[in-house]
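Chemist: Chain by chain, the residues:
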Amino acid sequence: GAVVSQHPSWVICKSGTSVKIECRSLDFQATTMFWYRQFPKQSLMLMATSNEGSKATYEQGVEKDKFLINHASLTLSTLTVTSAHPEDSSFYICSVDRGRDNEQFFGPGTRLTVL
Amino acid sequence: DAKTTQPPSMDCAEGRAANLPCNHSTISGNEYVYWYRQIHSQGPQYIIHGLKNNETNEMASLIITEDRKSSTLILPHATLRDTAVYYCIVRVAGGATNKLIFGTGTLLAVQP
Chain D
1 GAVVSQHPSW
11 VICKSGTSVK
21 IECRSLDFQA
31 TTMFWYRQFP
41 KQSLMLMATS
51 NEGSKATYEQ
61 GVEKDKFLIN
71 HASLTLSTLT
81 VTSAHPEDSS
91 FYICSVDRGR
101 DNEQFFGPGT
111 RLTVL
Chain B
1 DAKTTQPPSM
11 DCAEGRAANL
21 PCNHSTISGN
31 EYVYWYRQIH
41 SQGPQYIIHG
51 LKNNETNEMA
61 SLIITEDRKS
71 STLILPHATL
81 RDTAVYYCIV
91 RVAGGATNKL
101 IFGTGTLLAV
111 QP
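Keeping their order, the protein sequence lines are chains D and B.
With the first letter of the first sequence counted as 1, position 37 gets the number 37 in our numbering; the numbers rise by one all the way through.
With the first letter of the second sequence counted as 1, position 11 gets the number 11 in our numbering; the numbers rise by one all the way through.
To be clear, the hints were calculated from the coordinates, so they are not data collected in a lab.
All C-beta atoms in this analysis are idealised placements derived from N, C-alpha and C, irrespective of residue type, glycine included.
Be careful, since some hints might not be right.
[What the hints assert, rightly or not] Residues on chain B that point at chain D, a partial pick, calculated with CB under 7 angstroms:
#1 His40
#2 Gly43
#3 Tyr46
#4 Ile47
#5 Gly50
#6 Lys99
#7 Phe102
#8 Thr104
[Claimed, not checked] Derived pair list, reagent style DSSO-like, types lysine-lysine, alpha-carbon separation capped at 30 angstroms:
#9 B:Lys3 to D:Lys64
#10 B:Lys52 to B:Lys3
#11 B:Lys3 to D:Lys14
#12 D:Lys55 to D:Lys14
#13 B:Lys52 to B:Lys69
#14 D:Lys64 to D:Lys41
#15 B:Lys69 to B:Lys3
#16 D:Lys41 to D:Lys66
#17 B:Lys99 to B:Lys3
#18 B:Lys69 to D:Lys55
#19 D:Lys14 to D:Lys66
#20 B:Lys99 to B:Lys52
#21 B:Lys69 to B:Lys99
#22 D:Lys20 to D:Lys66
#23 D:Lys14 to D:Lys64
#24 B:Lys99 to D:Lys41
#25 D:Lys41 to D:Lys20
#26 D:Lys20 to B:Lys3
#27 B:Lys99 to D:Lys64
#28 D:Lys20 to D:Lys55
#29 B:Lys99 to D:Lys66
#30 D:Lys20 to B:Lys99
#31 D:Lys14 to D:Lys41
#32 D:Lys66 to D:Lys55
#33 D:Lys20 to D:Lys64
#34 D:Lys55 to B:Lys52
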């Protein structure tokens with residue numbers, strides 16, 4: 001399967017600051033990547049679909065101006081949480097869509113804690 | 001995409017087979033069944049997928065009923081490291097959006 005990395009693996013920041021999370025596809029050129037968010041004891045929730053060279057597609061209820069997504073190359077997508085607040089504290093996970101039948105492969109996740 | 005129903009939790013003894021059921025009675029003819037698992041504080045891991053035939057790989061077997069309304073993921077010899085939340089998802093492969101919509105999954109606890 002595809003190898004996907006995320007950086008950082010965890011981050012703690014103060015309320016009001018912005019945080020950037022990187023998602024890299026290490027062995028596959030991905031035109032599409034996905035960003036998920038997971039709160040404690042809950043399932044994964046799809047936030048947006050990241051498309052290389054074009055604007056991301058956001059799921060209903062996800063603020064595009066707060067969660068900025070950039071997919072500038074076939075191996076890198078970034079998620080920036082702008083003006084982070086404690087309620088943005090969560091586990092953020094990216095994935096790459098590949099395979100004969102579009103199996104998705106996930107990164108290890110980034111745990112964001114906003115104080 | 002069709003909705004799936006899974007039991008919230010299951011126990012299995014170490015070394016025994018773990019059989020995880022999934023109901024997808026509204027599945028469409030072009031929708032595949034995908035299984036993922038998530039070990040605590042990690043990203044989900046792809047396990048297996050299938051359309052209508054049974055499938056087997058190095059991790060697990062997938063048994064899909066003839067009417068495709070349900071399926072079972074089989075871990076033949078469960079180990080403690082198989083303790084995780086297992087998600088059954090149905091969707092069209094190569095669809096316009098390729099989105100995966102996660103339900104609540106089954107928490108499999110492998111007991112020593």
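Chemist: Can B:Gly50 be said to touch chain D, with a Cβ gap under 7 angstroms?
Modeler: violated, 9 angstroms
Chemist: Quick one, are B:Lys99 and D:Lys66 close enough, alpha carbons at most 30 angstroms?
Modeler: Judged against 30 angstroms, a Cα distance of about 21 angstroms means the pair holds.
Chemist: Does D:Lys64 lie within 30 angstroms of D:Lys20 when you go C-alpha to C-alpha?
Modeler: Holds, at roughly 14 angstroms.
Chemist: Between D:Lys20 and B:Lys99, is the straight-line Cα distance small enough, at 30 angstroms or below?
Modeler: holds, 23 angstroms
Chemist: Mind checking the alpha carbons of D:Lys55 and B:Lys52 for me, to see if they're no more than 30 angstroms apart?
Modeler: Since the Cα atoms of D:Lys55 and B:Lys52 sit roughly 36 angstroms apart, the hinted pair is violated (cutoff 30 angstroms).
Chemist: Check whether the Cα positions of D:Lys20 and B:Lys3 lie no farther apart than 30 angstroms.
Modeler: Roughly 33 angstroms between the alpha carbons, so the hint for D:Lys20 and B:Lys3 is violated.
Chemist: B:Lys99 and B:Lys52 were given as a pair; does the straight-line alpha-carbon distance stay at or below 30 angstroms?
Modeler: holds, 20 angstroms
Chemist: Between the alpha carbons of D:Lys20 and D:Lys55, is the straight-line distance 30 angstroms or under?
Modeler: Holds, because 17 angstroms separates the two Cα atoms, which is no more than 30 angstroms.
Chemist: Does D:Lys20 lie within 30 angstroms of D:Lys41 when you go C-alpha to C-alpha?
Modeler: holds, 24 angstroms
Chemist: Are the Cα atoms of D:Lys14 and D:Lys64 separated by 30 angstroms or less?
Modeler: It holds: about 21 angstroms lies between the C-alpha atoms, which stays within 30 angstroms.
Chemist: Taking the least C-beta to C-beta distance, is B:Lys99 closer than 7 angstroms to chain D?
Modeler: With a minimum Cβ separation of about 6 angstroms from chain D (threshold 7 angstroms), the hint on B:Lys99 holds.
Chemist: Need the status of pair B:Lys69, B:Lys99: alpha-carbon distance at most 30 angstroms?
Modeler: Measuring from Cα to Cα gives roughly 21 angstroms; hence the hint holds.
Consistency with the previously given hints fails for numbers 1, 4, 5, 11, 18, 26 and 34, ordered from lowest to highest.
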